[in-house]
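Chains as they are written, first to last, in my numbering: chain A, 1 to 321; chain B, 1 to 310; chain C, 1 to 337.
Please keep in mind that the hints were generated in silico from the structure rather than gathered at the bench. One or more of the hints may lead you astray.
Derived DSSO-like pairs (lysine-lysine); straight-line CA-CA distance at most 30 Å [stated by the list, open to error]:
id : chain 1 : residue 1 : chain 2 : residue 2
1  : C       : 83        : B       : 216
2  : C       : 64        : C       : 221
3  : B       : 220       : C       : 3
4  : C       : 132       : B       : 224
5  : B       : 216       : C       : 3
6  : B       : 220       : C       : 150
7  : B       : 216       : C       : 150
8  : C       : 73        : C       : 2
9  : C       : 221       : B       : 220
10 : C       : 87        : B       : 216
11 : C       : 83        : C       : 127
12 : B       : 224       : C       : 83
13 : C       : 122       : C       : 2
14 : B       : 224       : C       : 122
15 : C       : 87        : B       : 224
16 : B       : 220       : C       : 64
17 : B       : 220       : C       : 132
18 : B       : 7         : C       : 150
19 : C       : 128       : B       : 220
20 : A       : 146       : B       : 7
21 : B       : 220       : C       : 127
22 : C       : 83        : C       : 3
23 : B       : 224       : C       : 128
24 : B       : 216       : C       : 132
25 : C       : 87        : C       : 122
26 : C       : 87        : B       : 220
27 : C       : 73        : C       : 87
28 : B       : 224       : C       : 150
29 : C       : 240       : B       : 216
30 : B       : 216       : C       : 301
31 : B       : 216       : C       : 73
32 : C       : 79        : B       : 216
33 : B       : 220       : C       : 83
34 : B       : 216       : C       : 64
35 : C       : 301       : A       : 25
36 : B       : 224       : C       : 3
37 : C       : 73        : C       : 221
The following residues of chain C were derived to be distant from chain B, with all beta-carbon distances above 12 Å [what the hints assert, rightly or not]:
id : residue
38 : 73
39 : 82
40 : 224
Just so you know, even glycine gets a beta-carbon here, dropped at the ideal spot from N, CA and C.
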Amino acid sequence: MKSQTTQSHDHIDSNSKEIPLDWFKPLEGANDSANTVVRPSLSYWKDAWIRLRSNYIAMGGLIFLILLGIMAIIGPYLTPYTVDGTILADQNQPPSSTYWFGTDNLGRDVFTRTWYGARISLFVGIMAALIDFTVGVIYGGISGYKGGRTDNLMMRIVEILYGLPYLLVVILLLVVLGPSLSTIILALTVTGWVGMARIVRGQVLQIKNYEYVHASKSFGAKTSRIIRKNLLPNTMGPIIVQMTLTVPTAIFAEAFLSFLGLGVQFPVASWGVMANDALTTILSGHWWRLFFPAFFISATMFAFNVLGDGLQDALDPKLRR
Amino acid sequence: MVRYILKRFFMMILTIWIIATLTFVLMNAIPGSPFNEERTSNEAVQENLERHFNLDEPPIVQYFIYLKSIATLDFGPSIKKPNSTVNDLLGRGFPISAELGIIAILVALLSGIVLGVLAALRHNGIIDYLAMTIAVLGISIPNFVLATLLIQQLAVNGGFFPVATWQSPMHMVLPTLALATGPMAIIARLTRSSMLEVLTQDYIKMARAKGLAPYKVVIKHALKNALMPVVTILGTLLAGILTGTFVIEKIFAIPGMGKYFVESINQRDYPVIMGTTVFYSAFLVFALFLVDIAYGLLDPRIKLHKEEGN
Amino acid sequence: MKKILEVNDLHVTFSTYGGEIKAVRGVDFELHEGETLAIVGESGCGKSVTANSIMRLIPSPAGKIANGEIIFKGNDLAKESDKNMRKIRGVDISMIFQDPMTALNPTLTIGNQLTEGLRQHKNVSRKKAEQKALEMLDLVGIPNPEERLKQYPHQFSGGMRQRIVIAIALICEPDLLIADEPTTALDVTIQAQILELFETIQEETNVAIILITHDLGVVAKAADRIAVMYAGKIIESGTKYEVFYEPQHPYTQGLLNSIPRLDQKGEKLEPIDGTPPDLFSPPVGCPFTARCPHAMFVCEKVYPLRHEPSETHYADCWLYDERVHTPNLMNKKEETT
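Hey, can you work out the whole structure from these sequences and the hints?
So, in structure tokens, the structure goes:
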């Protein structure tokens, strides 16, 4: 880029008499260049996306989850078998070209059941995250925005709910309501939104004192408008991270409940139910029955966790330069 | 400080009361619960139930009698085990569960803190990446998956450890490992991030500017502050360990309370479910109370602004 | 007066994801017993990095002293081992930080934080250390020292905390005290008290002080000599009076014009336009060229010759070169000086 002549100028010694005399004349327009902004300014989301993309582990998680979503939709149609179709002649078959992931003790195709399980797990996880999000944002938003006594009372309630042992309450509810897909999601979200509400409230409290919120208030903007236009976009970062991390928690809880016999019931299969049914294979050696559901639970949770971590790094405005 | 403790104590009692009431209301709502069962097949069981829950009285009176029985730690009879009360089961199972739980939480705390501190001190180094990979894996692999994996590899295939039950220290290794890994991972991550933050604080620089030895800077100045957040999540971790014992005891056939609890769920042994839930909840809430007090003792600022620090 | 510190051609670099930042690019200065040197400059000019380098407290491995010497009482600190540095820190050289609210460990008592340095280095008994701590608290003007020793930082106001930080820094009777923006976080009245405290302490202990600040008011009150830093270099240095009354470098002139003065009525405040250069790739010539009202072609190309109006005063600027002959430029210069 530099020409040969300027290269040589760099090496001119300050004491040198070589400096041409006409260099000692005023430089025109020098002051303007100091004021130009060097770095292009990027929008918050674009900037976050660029940073997320450079995080290979998080992107790996994202790609895995996209593939998993696709397989959850089309996977079961790739085989001639159904989720509960038992083929008594083919019990406990190891993986083969006929049964890609093998069969279980009732002769059901593990491949088909695994993708059905993906549907259940993803559905439970995403529904739980969405419900937590909705309730938490509304509750935390109101609490933080109203402040004062309302906030105090609402946070007292949250504090008590937070003190309740989460899984014990879930177990109790499921014992009473009877396990099914909808009751599991209900039980998981009855106290699950509390964490989200706390985060939202903290964010709202922090941001509502900023100048620009005062500014729009003084222009007479309505509360709902301020929440929608000013508070929500600025609180989205931590909320998205929290949602991403809620999903694996819910997936784990569902699998855990299945293990206690409180999972989704026949004929639907979830990964937890499959793993629980396959517990006996520790001794019998039909490893594929345990391996596939266990692997996919772990991999899915791993993917969501690394994606959540990546999002946290990417969305944290404090790290922006 | 006294006011703080009193307030926490009140919260604890309130929480236990809410759980007890919730349990009572929910159990009253389902058919097949002790309150609604017409006749159990077993005469003796029915008699016990009626005696304990005063089924002839109106529900509101039952409720107060129930509260009183909880206050006196009497959780009533089991339906499915005619000769046992919930207290019998707790007496038999809880010490074993507690042993497993305490060992697991100690292992998790110790290894998690060490891992987290090392990772923070070698930030972006190999140890850091290694520790954090272990941590993310530890969080992602559910304890029951890890448990089965451990049994298969180290007990059945390797033969290094006995497969199941709870008799000797060798029996304890695998269940402890399976139970402690998740909490360890959480502690390690939290310790690391909190340590990294503390290490950038001025008082750390100040401590170094005093010429203190590195270990002194880390242990005396950084660690105590960095462990504050870890103390706050101890309650949650304990809850995780406790519910973890349910599946771990089931998988390893350990005759602890968790195993009885899972059995009672599968057999719909409602008094046992009720009793165990209330007992465990009370236990956890009490542990949370102790953690709060410990936090208050550790952090001299607590008296001034405890509500702010979330 | 004995010379206790001599910094020669100090270069400090930081490697970051974006490349290498050349934070300090060849800094020279010296310091004598009982003297206060103020290093002045905008944030990011390298003044704090210079201070931290003397303590060898730049965050490693990202930051490192790339070149140069830091001669303290005959030893080159730039080459000293970490172990020896720990014997120097807190004992021979102490440091005070900007924000007293964060410089004290919230979970340890004041007494503990005061005495630990003494106990580490001087091997004194707990009782003796506490005795010394009481004396120090008394020296920095904290009432009821006995009671205060058992208290925690949150029980003190900002000004009180800064006094404690100073007491901690002085407890081992160092020869050099580095104060990095010691008054920036404090109220104006407290600032004055802290600066007076520095004066008292200097009279009593003859400690040399390096005062890092961007506040010329603080400099006017506390400094003997001034070094003005810009983009990692000292561009002008002299006694307080020389720099304040005969500033040579356009940057120094700009700095002085940008603060209100009581002795020159009716003058307009002139902020310096623009921002300092990017230290990832610092300019070859004078770093101030882009913002300088008198910039010449040569300024961009070659780093200026040192102009020395007196034995104690210098400025790195081309304006004083005899080859500068453009008439309208000379007029401009007269306007400002």
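Structure-based check of each hint:
1. C/83 - B/216: holds, 14 Å
2. C/64 - C/221: violated, 33 Å
3. B/220 - C/3: violated, 36 Å
4. C/132 - B/224: holds, 26 Å
5. B/216 - C/3: Violated, because 33 Å separates the two Cα atoms, which is more than 30 Å.
6. B/220 - C/150: holds, 17 Å
7. B/216 - C/150: holds, 21 Å
8. C/73 - C/2: Roughly 10 Å between the alpha carbons, so the hint for residue 73 of chain C and residue 2 of chain C holds.
9. C/221 - B/220: Violated, at about 38 Å.
10. C/87 - B/216: holds, 14 Å
11. C/83 - C/127: It holds: about 27 Å lies between the C-alpha atoms, which stays within 30 Å.
12. B/224 - C/83: holds, 24 Å
13. C/122 - C/2: Holds, because 25 Å separates the two Cα atoms, which is no more than 30 Å.
14. B/224 - C/122: Holds, at roughly 25 Å.
15. C/87 - B/224: Holds: residue 87 of chain C and residue 224 of chain B sit about 25 Å apart, inside 30 Å.
16. B/220 - C/64: holds, 27 Å
17. B/220 - C/132: holds, 22 Å
18. B/7 - C/150: holds, 27 Å
19. C/128 - B/220: holds, 21 Å
20. A/146 - B/7: holds, 25 Å
21. B/220 - C/127: holds, 20 Å
22. C/83 - C/3: holds, 25 Å
23. B/224 - C/128: holds, 27 Å
24. B/216 - C/132: Since the Cα atoms of residue 216 of chain B and residue 132 of chain C sit roughly 22 Å apart, the hinted pair holds (cutoff 30 Å).
25. C/87 - C/122: Measuring from Cα to Cα gives roughly 10 Å; hence the hint holds.
26. C/87 - B/220: holds, 19 Å
27. C/73 - C/87: Satisfied, since the Cα-Cα distance of roughly 14 Å is no more than 30 Å.
28. B/224 - C/150: OK: residue 224 of chain B and residue 150 of chain C at ~18 Å, within 30 Å.
29. C/240 - B/216: violated, 41 Å
30. B/216 - C/301: violated, 50 Å
31. B/216 - C/73: The given pair, whose Cα atoms are some 27 Å apart, holds under the 30 Å limit.
32. C/79 - B/216: holds, 24 Å
33. B/220 - C/83: The given pair, whose Cα atoms are some 19 Å apart, holds under the 30 Å limit.
34. B/216 - C/64: Given that 30 Å is the threshold and the Cα spacing comes to 24 Å, the pair holds.
35. C/301 - A/25: Distance ~13 Å between residue 301 of chain C and residue 25 of chain A Cα, so the pair holds.
36. B/224 - C/3: Violated: residue 224 of chain B and residue 3 of chain C sit about 41 Å apart, past 30 Å.
37. C/73 - C/221: Judged against 30 Å, a Cα distance of about 28 Å means the pair holds.
38. 73: holds, 16 Å
39. 82: Per Cβ check, residue 82 of chain C is inside 12 Å of chain B; nearest 8 Å; violated.
40. 224: Since the minimum Cβ distance to chain B is about 24 Å, residue 224 of chain C lies beyond 12 Å and the statement holds.
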